[in-house]
Amino acid sequence: CSTWGGGHFSTFDKYLYDFTGTCNYIFATVCDETSPDFNIQFRRGLDKKIARIIIELGASVVIVEKGSISVRSVGVIKLPYTSNGIQIAPYGHNTRLVAKLMEMELVVMWNNDDYLMVLTEKKYMGKTCGMCGNYDGYEMNEFVNEGQLLDTYKYAALQKMDDPSEICLSEEIPIPTIPHKKYAMICSKLLNLVSPTCSVPKDGFVIRCQLDMQDCSEPGQNNCSCSTLSEYSRQCAMSHQLVFNWRTENFCSVGKCSANQIYEECGSPCIKTCSNPEYSCSSHCTYGCFCPEGTVLDDISKNRTCVHMEQCPCTLNGKAYAPGETMKAACRICQCTMGQWNCEDLPCPGRCSLEGGSFVTTFDSRSYRFHGVCTYVLMKSSSLPHNGTLMAVYEKSGYSYSETSLSAVIFLSTKDKIVISQNELLTDSDELKWLPYKSGDITVFRQSSMYIQMYTTFGLELVVQTAPVFQAYVKVGSKFKGRTLGLCGNYNGDTTDDFMTSMDITEGTASLFVDSWRAGNCPPALESDTDPCALSQLNKISAETHCSILTKKGTVFEKCHAVVNPIPFYKRCVYQACNYEETFPYICSALGSYARTCSSMGLILENWRNSMDNCTITCTGNQTFSYNTQACDRTCLSLSNRALECHTTDIPLEGCHCPKGTYLNHKNECVPKAHCPCYLEERKFIFPDQSTVTGGITCYCVNGRLSCTGKPQNPAESCRAPKKYVSCSDSLENKYGAACAPTCQMLATGIECIPTKCESGCVCVDGLYENPDGRCVPAEECPCEYGGLAYGKGEQIQTECESCTCLKGKWKCVQKSKCSSTCNLYGEGHITTFDGQRFVFDGNCEYILAMDGCSVSRPVSSFKIVTENVICGKSGVTCSRSIRLYLGNLTFILRDGTFSISGENPGVQYKVKTNALHLMFDIIIPGKYNMTFIWNKHMNFFIKISRESQETICGLCGNYNGNMKDDFETRSKYVASNELEFVNSWKENPLCGDVYFVVDPCSKNPYRKAWAEKTCSIINSQVFSACHNKVNRMPYYEACVRDSCGCDVGGDCECMCDAIAVYAMACLEKGICIDWRTPEFCPVYCEYYNSHKKPGSGDVYSSGYNSDNCIWHYRPCNCPNQNYKYVNIEGCYNCSRDEYFDHEKLRCVPCAVQPEVTRSSAALTLPKVHSISSSGATISAETINPTI
1001 CSTWGGGHFS TFDKYLYDFT GTCNYIFATV CDETSPDFNI QFRRGLDKKI
1051 ARIIIELGAS VVIVEKGSIS VRSVGVIKLP YTSNGIQIAP YGHNTRLVAK
1101 LMEMELVVMW NNDDYLMVLT EKKYMGKTCG MCGNYDGYEM NEFVNEGQLL
1151 DTYKYAALQK MDDPSEICLS EEIPIPTIPH KKYAMICSKL LNLVSPTCSV
1201 PKDGFVIRCQ LDMQDCSEPG QNNCSCSTLS EYSRQCAMSH QLVFNWRTEN
1251 FCSVGKCSAN QIYEECGSPC IKTCSNPEYS CSSHCTYGCF CPEGTVLDDI
1301 SKNRTCVHME QCPCTLNGKA YAPGETMKAA CRICQCTMGQ WNCEDLPCPG
1351 RCSLEGGSFV TTFDSRSYRF HGVCTYVLMK SSSLPHNGTL MAVYEKSGYS
1401 YSETSLSAVI FLSTKDKIVI SQNELLTDSD ELKWLPYKSG DITVFRQSSM
1451 YIQMYTTFGL ELVVQTAPVF QAYVKVGSKF KGRTLGLCGN YNGDTTDDFM
1501 TSMDITEGTA SLFVDSWRAG NCPPALESDT DPCALSQLNK ISAETHCSIL
1551 TKKGTVFEKC HAVVNPIPFY KRCVYQACNY EETFPYICSA LGSYARTCSS
1601 MGLILENWRN SMDNCTITCT GNQTFSYNTQ ACDRTCLSLS NRALECHTTD
1651 IPLEGCHCPK GTYLNHKNEC VPKAHCPCYL EERKFIFPDQ STVTGGITCY
1701 CVNGRLSCTG KPQNPAESCR APKKYVSCSD SLENKYGAAC APTCQMLATG
1751 IECIPTKCES GCVCVDGLYE NPDGRCVPAE ECPCEYGGLA YGKGEQIQTE
1801 CESCTCLKGK WKCVQKSKCS STCNLYGEGH ITTFDGQRFV FDGNCEYILA
1851 MDGCSVSRPV SSFKIVTENV ICGKSGVTCS RSIRLYLGNL TFILRDGTFS
1901 ISGENPGVQY KVKTNALHLM FDIIIPGKYN MTFIWNKHMN FFIKISRESQ
1951 ETICGLCGNY NGNMKDDFET RSKYVASNEL EFVNSWKENP LCGDVYFVVD
2001 PCSKNPYRKA WAEKTCSIIN SQVFSACHNK VNRMPYYEAC VRDSCGCDVG
2051 GDCECMCDAI AVYAMACLEK GICIDWRTPE FCPVYCEYYN SHKKPGSGDV
2101 YSSGYNSDNC IWHYRPCNCP NQNYKYVNIE GCYNCSRDEY FDHEKLRCVP
2151 CAVQPEVTRS SAALTLPKVH SISSSGATIS AETINPTI
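Take the sequence shown: its position 83, counting from 1, is numbered 1083 in the numbering used here, and each next residue is one higher.
It is worth saying that the hints were derived from the structure and are not from the lab. Check each hint, because a few of them may be wrong.
List time: in silico EDC-like cross-link candidates among lysine to aspartate or glutamate, alpha-carbon distance up to 20 Å [unchecked claim]:
1) Lys1189 / Asp1203
2) Lys1066 / Asp1113
3) Lys1810 / Glu1846
4) Lys1874 / Asp1203
5) Lys1481 / Asp1966
6) Lys1937 / Glu1846
7) Lys1100 / Glu1056
8) Lys1553 / Asp1650
9) Lys2004 / Glu2038
10) Lys1874 / Asp1613
11) Lys1816 / Glu1948
12) Lys2014 / Asp1531
13) Lys1808 / Glu1846
14) Lys1812 / Glu1800
Ranges of calculated distance between the beta carbons of each label pair, as one might list FRET restraints [as the list claims (entries may be wrong)]:
15) Ser2021 / Lys1553: 31 to 41 Å
16) Asn1889 / Lys1479: 21 to 31 Å
17) Glu1781 / Glu1582: 39 to 49 Å
18) Leu1046 / Asn1889: 26 to 36 Å
19) Lys1684 / Glu1781: 29 to 39 Å
20) Ile1167 / Leu1242: 19 to 29 Å
21) Lys1793 / Thr1414: 29 to 39 Å
22) Met2034 / Tyr1627: 29 to 39 Å
23) Asn1889 / Tyr2007: 29 to 39 Å
Cβ atoms here follow ideal geometry from the backbone N, Cα and C, with glycine treated the same way.
Starting from the given sequences, assemble the full structure and let the hints guide the process.
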C-alpha cells in the first residue's frame, strides 16, 4: 500500500483514490487489537509533502521528521541502523525499514519527500485498518464502516489521530476530482515511457497523472507528473516487470550521483561491496545510484566509491589495509588481495602451558582442566635424546578434592633426572643442586626472580614460574610436530584428537585422557561435578568483580582485546578464584596468563600488576621490577660464563632484576661490574682483584671475568597370590617398594616409574602386570580402555572415523575411508563448528553458516547455507527463525516448522525424511559432498558433511580443516581474535548492523537463573551418567542455563528442552542412547498419530501389520547398541522395538543382529552414527508412505 504526490493513495487491494488532508492519519494498523503488531501514521504538510511518519512496532517507535530519523529511547540515529529486530538502511534513493520479529515481518519505505509505502504479510488479510483499506482482496469495499460504504473524506475522518495538544479540523467537503480530458493522451505516452509492457493497470495512473497536470503551478508541463510516474515505475519494479531508464537531466531528475556511481531506474538494492562481493538477495529492483557493472562499492575506506575487486582494501581489527599490503602476525604472513587476506603459515614452535593449578593448554591449543593427584607424563617424544620424558607432579593444595595444583616438573632420561620444584632444583640422587646447573646438553638457570628456565640443545625449552603460582611452559621446535604424546597432546595441528591416550585412542573427556598418562600407581582424576562458584555466592561475586578487569573497557588489558580474546581467561580466573583457598595468587596468575599470551603476540602490557590489588611484586635489595627481563648481562655469573645464563626466551618474562649497569652477585645483591666475583669450577668463586692459580698460571678476577697472567597389624596377610607383599622396613633390592609395582597402565605409557618415596604394599610377581581390576595378568592380556570401559585382547570398537583393535593394552586404529563432521546451530545463537570450536552470538541479520568455494581464486560455490536470526528475548538474545539452503538453482527454505523447495538442480540428489520431532534432508553432490541436515522445526539445526574432495569450506561453521585454532576465519581470510568480529564478517547483507557485545541474559534475569540452573542440572545428573565419560557436558549445561534465562517471551520450557536435546543428540552420536524425556519433563506426544488424521489429507493412519492401531510410540533412538544404517535420532516411530523403517524397502525391517560375544561390561560395537536416520514413516495396506 502506498501514498505519493499531493494525496494519491493505492490501497493493499490496489484501489486508487485521492485525499489531501493535512491532519495526522493512520496509514495502516491491525484492527480491533489492544496492542496491534504495527501502527503506521503520517501527516502531510501544507506543501502537500509528507511532513512526519510514525512507525510503532510493539515497544519500538520510529519517527521520521524533517529528513532525520529518531528511535524512542535512543534518539536520532545514523544509517544503517539495526536493533531489536529492526533494520533501517538506504534502499536506492529511498530509505527502507525492515522489521523481522519472531511473529511478524513488515517493510516500510519512504523518500523524505512525498512517498510512503508499507508491505505486510498475507496473514493480516482482512484485519487491517487505516487509509490503506481492509486488505480483503476486493477493491470496491475499502471504505466500509459498520456495514455501510462511506465517502472518502468521511472514511478519512475516522482514521484521524490528533496529537495530544491539537484539534485538527478535517476537510468536511469533498473536493471534486474530475480529470481534464485534454491531458489523457500525453499521460498515456509518459506512462509508456516508463514501461510499455508493465502488467500493472495504467488507467488509474493516467487519471492521477491528469490531476497532477491540472493542479500544477504550471499546468500541462511534463514535470508536473513526476510523482505519479515514479510511483508507476516503483509498482512495476515491485511486480518484477521491465522498467526503462525514463528520467533525463531535465525531466524528473533525482539529482547527481556521488563519486563514480551511475543512476539506474531498475538497479539491484543488494549492493555488492568489498566486504561481501558475492551478496545477492531476492529483492525487486529500485531506482537510485548504483555501481557500474563489474565494480563493487568500497564500504571499507568510507569514501563510498565504486572500485574493481582488485582495488578492494582489507580490514583487520577495525583498521583498513591497502591492496597488496602485507601483515605479519605470530606464525603467519598475510597479503591483501581482492579484499581478502591471502595467508601463508610460517614455521612456528609448539607451546604447551600448565597454568593456574589445574589448567592445561596443549600444543594444538586445546584447553582443559583436571583435578588429579599423581605424576603424569607431560610429553614423551622419539625426538628427545636418551629416551627423554617430561613429567608433571600434581599434589593436593587445600582441603577440597578440587584443590590440586602443579608442584614440580621432572625431566627424565637415561642420563639425567632433573626435578624443578618450588625449592629450586633436585637432581638424580635427591641432592639439592644450586642454580645454574649444567649437565651435558641441558642447562637450568634462574632467568628472573620469578622464572627458572631449562635450556637444551635438542629443541626443548622449559620455563617454570615459581611464584606466585607454580606454572610451567613447554616449547618445542617444529621437528617435534606429530611426534609428541602425553598431557600436551600430539602436536599434529589437529585439535580434535589431542586427547590421544597412552593406549592410542582418542578419549572424549579430560579426566579419562589424563588418567591414561599416570606414571605411577595413583587414584584416577576426579571429574569436577560442581562449579566451585556455586558453593558460595560471596566468593562468586568477589571473583567476578576482581576478574572483570580482564574484559572491561578502559583497563590496561583493553589494548590487547583486539589481539587475544579475554573471555576464556576471564572464565578461568573466576574458576580459580572460587576453587582455591588462596584467592589472590590465583587471580593474579590468570591475569598473568592473559598478559603472557598478549606479549607472545608482541603486545607487552606495562603496569598491569599495578591495576590490581595484591598483584604487585616487591623486590629485595636494590633490584627493580620489569615486565621484560633476562639474566644475561644482569648477573655476575653471566659475565664469567656466558654459556650458562645467556639463553633468551621469545616471550618476555617478568620479574625482579638489577638496574642497568649493575649485576647480581652470590649474595643476591646488585653490584657494579668491578665488584663481581669470578666463578670457578665446582661452585667455587674468588672475590674481585684476588688471584687463583690454575695449571701453573696465575689468574686475577677483573670485572667478573678471570684474566690470566606402637605395632600395626601385619599387612602382608592382605596379599593374595600371585601378588607378594613388599615392606619398606626390609632391605629391598628395589628401594621404592610398591610405589613402582608393574601395572598395565605403566606398560601402556612405556615409561619407567618415577617414585618419589618408598611405599609398602602388594605387588605382582615378576613378568605379570596389575590390570585395572587389581588382577595380575601377562602383558598380552592387559586390557585397553576407552570411555571408562575396559576391552579385552582382540576386541574392536568403531568410532566415527576409525576402527580400533586392542593389542597388548594399546589400541591399533585404522582410518575409515569416509569420515564426517557436524556443525550445530542451536538455541539462542550457540554454534559448534566442524572442528569443535564453540561460541555464542546475538546478531539479528542473515549469516552464512557454511558454503564452499572460499579459496582465494573464488571458484563457484556448490552450496550455501544461510540462517536468519531474529530477536527472541527481552534481553536481546537472538534465535534462528529460518534457514535457507542454496544448491545452485535449487533452494530449500525451512521456516515456521515446515519447508518449501523451489528451482531445480539435476546435479544434486536429495531426499527428505520427516518425523514428528525433526525434518531431515539427505543431499548428495556427486564427487564432492554427502550432506545431512537435521532440523528440529524450531531453533536447532545440524549440518553433517562428509567430503570426497578437499574443498575449502567457510562461514560461521568454521573452515573444517581439523584445527580449532583458526576457526574464526573471517570472510576476508583473516583469523579474528574474537567471535564478534568473525560473526560480523559473515553477514549476508553488508548494510545489516554489527554485533558489538554478547548479552548475558542470566545477569539481566537473576530470578530466572536459579530456575534455569535447577532444571538444566538434569544434564549433570544420573540420567545422563552413561554419557558423561564420552561427551564433555559442561558447555551443554552452560548453554542450557543461558537459553533458559534468555527465553523470556514465552516458550521457555521449549528452549530448555531444545538445549537438553542437543546434549542427548551429542551422546547418541557417540552411541549412548539416553531415554531422558518423561510425561512431566519435556514430553513428546506421539500417541496423537494413532488416532488423528494427517492435516490436509483424507487417509487415516493405519497399518498393515497390526490389528489394533496403537503403533506410534516415542523412542529416544532406533536399534540401541546395534549397527544402524541411518543417522540415529529420537522421534515418533511406528515399527516395533527391534525393528526400524527402511526407506529403500519402504517397510519395517529387523535391527542388525549382534555377533555373539560373552562380555560383561559393554556392548561390542558402538552404533555407527552415520548417514541419516529417519523415522516416522508408516505403511498403510497399500504400502504408501505418509509422513508426519
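Okay, the hints, checked on the actual structure:
no.: 1; hint: Lys1189 / Asp1203; verdict: 12 Å, holds
no.: 2; hint: Lys1066 / Asp1113; verdict: 9 Å, holds
no.: 3; hint: Lys1810 / Glu1846; verdict: 48 Å, violated
no.: 4; hint: Lys1874 / Asp1203; verdict: 48 Å, violated
no.: 5; hint: Lys1481 / Asp1966; verdict: 18 Å, holds
no.: 6; hint: Lys1937 / Glu1846; verdict: 18 Å, holds
no.: 7; hint: Lys1100 / Glu1056; verdict: 14 Å, holds
no.: 8; hint: Lys1553 / Asp1650; verdict: 29 Å, violated
no.: 9; hint: Lys2004 / Glu2038; verdict: 16 Å, holds
no.: 10; hint: Lys1874 / Asp1613; verdict: 37 Å, violated
no.: 11; hint: Lys1816 / Glu1948; verdict: 13 Å, holds
no.: 12; hint: Lys2014 / Asp1531; verdict: 13 Å, holds
no.: 13; hint: Lys1808 / Glu1846; verdict: 53 Å, violated
no.: 14; hint: Lys1812 / Glu1800; verdict: 15 Å, holds
no.: 15; hint: Ser2021 / Lys1553: 31 to 41 Å; verdict: 39 Å, holds
no.: 16; hint: Asn1889 / Lys1479: 21 to 31 Å; verdict: 51 Å, violated
no.: 17; hint: Glu1781 / Glu1582: 39 to 49 Å; verdict: 46 Å, holds
no.: 18; hint: Leu1046 / Asn1889: 26 to 36 Å; verdict: 53 Å, violated
no.: 19; hint: Lys1684 / Glu1781: 29 to 39 Å; verdict: 57 Å, violated
no.: 20; hint: Ile1167 / Leu1242: 19 to 29 Å; verdict: 49 Å, violated
no.: 21; hint: Lys1793 / Thr1414: 29 to 39 Å; verdict: 31 Å, holds
no.: 22; hint: Met2034 / Tyr1627: 29 to 39 Å; verdict: 34 Å, holds
no.: 23; hint: Asn1889 / Tyr2007: 29 to 39 Å; verdict: 51 Å, violated
Hints 3, 4, 8, 10, 13, 16, 18, 19, 20 and 23, counting from the list given before, are not met by this structure.
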